[in-house]
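Trainee: Protein sequence lines correspond, in order, to chains E and P.
Each residue of the first sequence is one higher than the one before, counting from 1468 in our numbering.
Each residue of the second sequence is one higher than the one before, counting from 307 in our numbering.
Note that these hints are calculated values from the structure, not bench results.
Among the hints, a few may not be true.
Chain E regions said to be covered by chain P (calculated; three or more residues, Cβ under 8 Å) [as the list claims (entries may be wrong)]:
1) 1638-1648
2) 1670-1681
3) 1697-1704
Computed from the model, here is a short list of chain P residues facing chain E with C-beta under 10 Å [unchecked claim]:
4) Glu405
5) Leu480
6) Gly483
7) Leu493
Keep in mind the model is a prediction, meaning the values are calculated, not measured.
Note that beta-carbon positions come from the ideal geometry of N, C-alpha and C, so glycine has one too.
Spelled out, the chains give:
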Amino acid sequence: MKMNTVLSNNNKVISQSKTKLRTEAVSLYYGSFQALRNISLEIPDRAITAIIGPSGCGKSSFLRLFNRMNDLIAGARVEGGVELDGIPIYDKTIDVVELRKRVGMVFQKPNPFPMSVFENIAFGPRRHGKNNVGELTDIVERSLHQAALWDEVEDKLGQSALALSGGQQQRLCIARVLAVEPEVILMDEPCSALDPVATLKIEDLMRSLAENYTIVIVTHNMQQAARVSDMSAFLMMEEDRAGVLVEYGPTSELFTNPKDKRTEDYITGRFG
Amino acid sequence: MRAGAISKRQFSQRTAFSLLIIATIIVVIPVFAIVLQIIINGASAISGDFITQAPSQAGKAGGILPAIVGTFYLMLGTILFALPLGVMAGIYLTEYAKENWLTKSINLAIVNLAGVPSIVYGLFGLGVFVLLFHFGMSLLSASLTLACQALAMTVTTSREAILAVPREYREGSLAVGATRWQTIRHLVLPQAFPGILTGAVLAMSRAAGETAPILVVGAAFLLPGLPQSPFDQFMALPYHLYTVAAHVPGMPKSTIWGVALVLLVVVLSFNVLATIIRLRARQRRLNA
């Protein structure tokens, strides 16, 4: 590993854990517009990495590189390398469906499907060929426990997921991702539509999930990044509005002792 | 501000308002007038025999059962062809097709499909289904002809219903590793179903009312019995109405109005059905 041994603010030895995701001089274009420029970083396994930066700097676009969600946008084009466990995921031989099973995603706005709580969780496993009701019941229960939602919905499994509160819906969406047993969970501002109590619950959940999963979270909330993440990446726009990586390192260092003047200005609230 | 200026503004406001109300009333008067006239004049012709008997004496006596049944067969045959094709094309155009000159011209063609005069469809059906494919003057030829005409509607409504399903659902599904087809099959289509069904029912009710296209591909004025196979000729309500009204001398007026009433009931009941489906789907969404 290139980094020196450092402890994150969660006392985790970051530099010794292996790299899960890696970008190498990656650039992203939407048609002729360049959204990201030349970003290289290594995201450690079983830790939480936060992507922070002002609005429009390409945080979400960057996150969506890792499960190839940008592929859905007509005219999107990626240059440079993105790797999962050392495997280039933009290679022609990569099965995108298989990739997205390994790299799950939780969205800004909770998006439960208009079906029962049970069917929401079972949706992924069913699509991957699991149809045995007993097995599905086990998966649903395990996923809901993992997402710290079981106690609240135990007796509502047959009810519409849309009847849950916003915070519950978001944890349901996390459970839905967990049900397909991913290795990485991408979270795109997962708390921006939630109240502070629901936000804290999600943050606690993220900490417990980080024991077993690699989590990458985009957040516009710097307190949140400081609270939950082990590593932080600060992105900013250049004059042509392309996002660049300004600084990347352990969260404790980035927030207490930023190396770049722009990082310091941003985290002290001088802009953004 | 002078008082006169204000009252002048209020005057023009009231004038505009009254004009709009009058225009609205004028718009709905014909609808009520037509329905009322048909009910008043036609109700006396409606009887058990009228809807369960075959016609006799060139339609002057007996009933119109073969025309009612023929119209239902037509609606069924039309939707059998137009719905699957329309839904599949709708899925392709919304979910798979890339934006290029080909899809642009397909979209343009679909829009224009709706504007082609119905008699032109009839001639197309005569040339292709009756003569080229040797389906003859038959229920099958007529169903296919009407299906071509209904396609514009089923494609358009399917496409709109599919587009109305929120992008968030699709992303959520893809994000757990579902394929695009699985996403469509298990998430998008169930959501779009009420909208697609509404379009299908409206297409059927329109098919029930068409006269010109079926005229040249298999509708018969008088048949002793019901069609026994798709290759038989058939009677249909709108064509029957046209002939009894225009071509049979000495036809009792009440019979003509009676046929019109039955046709109206068939068409309107399908429109009402479409509305109910739409309202219930909306209700379900709100309750969910």
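Trainee: Now tell me if each hint is right for this structure.
Mentor: Each hint, compared with the structure:
1. Closer than 8 Å: that is the beta-carbon criterion, and the segment 1638-1648 of chain E has 5 residues meeting it against chain P, so the requirement of 3 holds.
2. By the rule of at least three residues with a Cβ nearer than 8 Å to a Cβ of chain P, the coverage given for the segment 1670-1681 of chain E is violated, with 0 such residues.
3. Coverage of the segment 1697-1704 of chain E by chain P is violated in this model, with 0 residues showing a Cβ closer than 8 Å to a Cβ of that chain against a need of three.
4. For the restraint placing Glu405(P) at the interface with chain E, the shortest Cβ-Cβ distance is roughly 6 Å, inside the 10 Å limit, so the hint holds.
5. Checking Leu480(P) against chain E: minimum C-beta separation of about 6 Å stays under 10 Å; hint holds.
6. With its C-beta approaching chain E no nearer than about 3 Å, Gly483(P) sits inside the 10 Å limit, and its interface hint holds.
7. The interface hint given for Leu493(P) is met, as the beta carbon of that residue sits about 6 Å from the closest beta carbon of chain E, less than 10 Å.
The structure does not agree with the numbered hints 2 and 3 stated previously, though it agrees with the rest.
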